Amino acid sequence: MPAYATNMRFKFPIVALTLEIITIILYAVFVVYDDGKPSHHGEGHQAASNETEDKNIKLYPMFQDVHVMIFIGFGFLMTFLKRYSFSSVGINMLLAGFGLQWGLLMQGFWHMDDGKIKLDILKMINADFSTATVLISFGAVLGKTSPVQLLIMTVLEITIFSINEHLVAEIFGANDVGASMIIHAYGAYFGLAVARVLYRPGLRDGHENDGSVYHSDMFAMIGTVFLWMFWPSFNSAIADAGAPQFTAVVNTYLSLAACVLSAYAVSSLVEHKGKLDMVHIQNATLAGGVAVGTCADMSIEPFGAMLIGLVAGAISTLGFKYLTPILASSLGIQDTCGVHNLHGMPGILGGLAGIVAVAMGKKEGGNAAMQAAALASSLGFALVGGAITGFIMKLPGLGQPPDQNCFDDSIYWEVPEEEEENEESLAHGDHSKNKAET
Amino acid sequence: MPAYATNMRFKFPIVALTLEIITIILYAVFVVYDDGKPSHHGEGHQAASNETEDKNIKLYPMFQDVHVMIFIGFGFLMTFLKRYSFSSVGINMLLAGFGLQWGLLMQGFWHMDDGKIKLDILKMINADFSTATVLISFGAVLGKTSPVQLLIMTVLEITIFSINEHLVAEIFGANDVGASMIIHAYGAYFGLAVARVLYRPGLRDGHENDGSVYHSDMFAMIGTVFLWMFWPSFNSAIADAGAPQFTAVVNTYLSLAACVLSAYAVSSLVEHKGKLDMVHIQNATLAGGVAVGTCADMSIEPFGAMLIGLVAGAISTLGFKYLTPILASSLGIQDTCGVHNLHGMPGILGGLAGIVAVAMGKKEGGNAAMQAAALASSLGFALVGGAITGFIMKLPGLGQPPDQNCFDDSIYWEVPEEEEENEESLAHGDHSKNKAET
Amino acid sequence: MPAYATNMRFKFPIVALTLEIITIILYAVFVVYDDGKPSHHGEGHQAASNETEDKNIKLYPMFQDVHVMIFIGFGFLMTFLKRYSFSSVGINMLLAGFGLQWGLLMQGFWHMDDGKIKLDILKMINADFSTATVLISFGAVLGKTSPVQLLIMTVLEITIFSINEHLVAEIFGANDVGASMIIHAYGAYFGLAVARVLYRPGLRDGHENDGSVYHSDMFAMIGTVFLWMFWPSFNSAIADAGAPQFTAVVNTYLSLAACVLSAYAVSSLVEHKGKLDMVHIQNATLAGGVAVGTCADMSIEPFGAMLIGLVAGAISTLGFKYLTPILASSLGIQDTCGVHNLHGMPGILGGLAGIVAVAMGKKEGGNAAMQAAALASSLGFALVGGAITGFIMKLPGLGQPPDQNCFDDSIYWEVPEEEEENEESLAHGDHSKNKAET
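For the protein sequence lines, the chains are A, B and C, in the order given.
Residues 1 to 438 in full-length UniProt numbering are what the first sequence spells out, letter by letter.
Residues 1 to 438 in full-length UniProt numbering are what the second sequence spells out, letter by letter.
Residues 1 to 438 in full-length UniProt numbering are what the third sequence spells out, letter by letter.
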């Protein structure tokens, strides 16, 4: 593959600006501020308006917590690779920045009011959620895809997400307040399907840059800890106000706390010398947040939430240790960040826990069959949608890096000079000019 | 210039403690808690008190978001330099810590009640805002000034800011809810005027430390992302509660999202190989927040906010690429962080957008001429105030570093030993003693 | 001491999982969601329920601020050591994750309702507080203890804390809203007592890893700045809603701002060349938050809070410079993070300020003698409890590292390969295998 194939000079700006301009035109036609007015005017207008304002101000701190999870949490969690931190946090910002605009449209089209999408904080939270699916999938293909490929994935994945989300919430009437199924399982299996299609035999024996250094692991911990702390906001942000929202906060908080203990314990247990592995700590400590998602607002009792977290932390750690290598060697699924362990299995666990909890009557009006349908639907859309998306991303001319340049920022970024002295000379010339002169 | 000129042992502590003690005395005389009581007692007292409390608790999360922007956002954004990260985050903390106390006084003097400044959360937000002007100017002279010089700049810049702010808000009655003009343009041009006065011909050909390393760019991204996420709080914190505040949140959120796309696209477009430049990503992605500031609470519609962000991101990136080198070489303005591109031009763009929006009737009671007067006033106070401040900072004996020690923490900080082995030996002796023994 | 003594492969998982499973059983028996219902049913039930919900949503942002202080603040503050950052942020997460579950139980047992602990946000804030004591003590013994030892310390310290807390708050009726005494002084002297018992003569002359590198100091500043910003939430979170809570915010905000100036000034004053020392900046800037804790919600007036901060910053910096070396050499107290300077002395200062403020009538219903009893009780429980805990931690077989492996992540963590080339070969074999292959 010739070197210029990764030169994004015209392709990337054209794709990015075209997408943004189309989006702005769609906003001009469809999106307005929510003024709190019901579509059919009448009495009660002022009350509705005040209620909207009040809800907006109450939800705003939770929105910001979710925002931090999306941009700092996901962005920094992926900076663990030694030479791919610029891309991790930078492309994360690009995809999320575009994805939230796109997600607001795609989800909004299902909930129009007088032909308009009325923007409020709840819709902004949902827009952030829709980008989370993309960022999860990004983790599976991290280091092996170009920004152009990833923008295409963003458009497709969010569009398909919004269809599945509508199906699950409106048609099935299933509960998934913390989105174990529709975000985590969906995002993970979508990404794994893409990764399967983009399988690289040349990376079968690993890559020298597919690992961390001490400081990159520390940057990743910034992501981990912010995700961990604010996960109660993620799982409760769209819950019904009052007791259900509070229950979602408490269940998530406790599930995550219990999950820490099992992740640390199992990490130590499976390593030869009983040492802790940063990959497990960075990821498996969060599995409790994923797994408690579906039943976060159900009355599963505090100890129930803790049990879910305990199991999720153990499963996730074991997955990193034993399953990820098998997926790569036997199934051709090269999952850079191990999203299968953090989002895939814990997401399915969450879906199953939701089925059980609903069957046990922990949620008024819940229906276990519909919960199962929601899980199946999320997995189905993920696998089929991911496979199709993968084939589209595989089309030539989208700037996919050659194997030897995977996991390397310098293929898409100006990288400061000093660091490169430590590397083997790469085949792409003048990128090492000193930024200080720019 | 003899080496001891930068020894701050007595000058800095004396200046810092004197300023603080004067401030405490002024607080003892003038500042009290806001008890919610109106100055003239009477009925309605309890209601006013409850309202104050309620407003305080509602605004507190937004205050904390702004606080994070000031201390983490600005502080870490400037840590991109390879050997100046201690100063960036540390002196940022010093200036902001003092500046907020001083700003509270300076702004409070215009709004006294029975001869007292009554402290509430809104005043604390405004105090944080006043420090933002200083931190923007700090970016222009980063690496080339001493802490003593910068404390002097803090006192003068905030004092002048509070005069201009009063003029703009109370006399002109202009709108600048997100402070494109009175904070961003003012802070930028103030700093550029100072930088012009402190012009260093010896740095014409660059400086080996005036650049980043891989990890310092990552620390800077922490600042970028927190600024980006919480900017909706910055632009809406002092907006009228209810719809205007919510509009400011939405407009800023969308402007920033669109800005990301144009910043990335233009960064790729202007680089030889189509690569992304971290300087652009760290800064130009934020220009949308600056530029939408003035009209954040106006009904410019979601797509209007996005257009402002789109243009701001492009202008800012182009400024970094083409304008900053010209400013340095032709006008003698050495702008370390490129504040002209992040705060200067986008600030003016914001002011102009505000004039247009008000002229189009997007703000009830707005007056386009007064908007223009506010922009002119902000620029005028900035340039004249900055120039005068620059000349005062240029007075001998304030510890300004010699050219060769610019952009180097070790002139004002104990720096750990190990790192210095990688550097050329510097001329100032025992600073490398091992901190571990202290 | 043979190398295998630090192998945690079975001990650590067994201890961690056993503690967690016991905790889950206790939760199953005792902990329920707070439904807002009073224990004896009757009218007013719905009102109480709404009030509970309203309080929960209002306190949630403050809870999250405190959460950030516990997990990011304390965790990153301790990452300053060059080779101990994984442990600092990672073991911090482990201890806090378990500690909050344990603290919720221990404090909850004093406040049962119909035999149940009813979980609400206030209890979650208090649970976070209880872990703060452990994290402070962790700072004193950082680098010299095993995870198993530290989990034991967590159980004992929080249990004893909850006894002292009950005594101080319920029996003495003393005021300590920001917990200068019951958290900061208690945590510090508990940790110092443990450190005294675990005294290591072999570290008398220092240790090559007991110091920072440039980037580790930057990671520590993330902790410092988040602690500094959110401290007003820490000191006000459990204050009475309304004026007392707002007063606590303002006093803490101003105390910290003044403290910055004195910490910087004194740091410069005591160094040979007038340079700033990162250890002082990272820690002493926070002493104002500690010292104003007890009287945060009292009417000490803004300037009173600033005076407390000014003094605290100076005392803390002087402590780092002059007292810490003496404690180590004369009293055998090796205080890795200098918690005596950040939490110990400022905590006592806070307790004393509280006595004076109450004696001056700054708090309705306060009693100076009871304040003094609270301080004495906190110190007494700390010293006795810490000594006993230290002896228990000293029992053989708990994985305490030998002197030469202190301050070294690689004894308990898989550490990426590249970094180790820079180190002397350590005696524990295969830990350097490339994580990328895992």
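Any given hint might turn out to be false.
Some chain C residues near chain A, calculated using beta-carbon distances under 8 Å [claimed, not checked]:
| id | residue |
| --- | --- |
| 1 | 90 |
| 2 | 97 |
| 3 | 98 |
| 4 | 122 |
| 5 | 124 |
| 6 | 215 |
| 7 | 219 |
| 8 | 322 |
| 9 | 413 |
Covered stretches of chain B (in silico footprint by chain A; criterion: 3 or more residues with CB under 8 Å from a CB of chain A, positions within the stretch not fixed) [claimed, not checked]:
| id | region |
| --- | --- |
| 10 | 177-184 |
| 11 | 218-227 |
| 12 | 245-252 |
| 13 | 261-267 |
| 14 | 273-287 |
DEER-style ranges, computed between Cβ atoms [what the hints assert, rightly or not]:
| id | chain 1 | residue 1 | chain 2 | residue 2 | range |
| --- | --- | --- | --- | --- | --- |
| 15 | A | 50 | C | 28 | 40 to 50 Å |
| 16 | B | 404 | C | 14 | 24 to 34 Å |
| 17 | B | 201 | A | 395 | 29 to 39 Å |
| 18 | C | 417 | A | 35 | 51 to 61 Å |
| 19 | A | 14 | B | 9 | 54 to 64 Å |
| 20 | A | 51 | C | 364 | 43 to 53 Å |
| 21 | A | 113 | B | 325 | 48 to 58 Å |
Since the hints were made in silico from the structure, they are not lab data.
The structure presented is a predicted model; accordingly, all values stated were derived computationally and were not measured.
Glycine included, C-beta positions come from ideal geometry on N, C-alpha and C.
Status of the hints after comparison with the structure:
no. : hint                         : result
1   : 90                           : 5 Å, holds
2   : 97                           : 3 Å, holds
3   : 98                           : 6 Å, holds
4   : 122                          : 12 Å, violated
5   : 124                          : 7 Å, holds
6   : 215                          : 6 Å, holds
7   : 219                          : 6 Å, holds
8   : 322                          : 32 Å, violated
9   : 413                          : 5 Å, holds
10  : 177-184                      : violated (count 0)
11  : 218-227                      : holds (count 5)
12  : 245-252                      : holds (count 5)
13  : 261-267                      : holds (count 5)
14  : 273-287                      : holds (count 9)
15  : 50/A with 28/C: 40 to 50 Å   : 42 Å, holds
16  : 404/B with 14/C: 24 to 34 Å  : 59 Å, violated
17  : 201/B with 395/A: 29 to 39 Å : 54 Å, violated
18  : 417/C with 35/A: 51 to 61 Å  : 59 Å, holds
19  : 14/A with 9/B: 54 to 64 Å    : 58 Å, holds
20  : 51/A with 364/C: 43 to 53 Å  : 37 Å, violated
21  : 113/A with 325/B: 48 to 58 Å : 50 Å, holds
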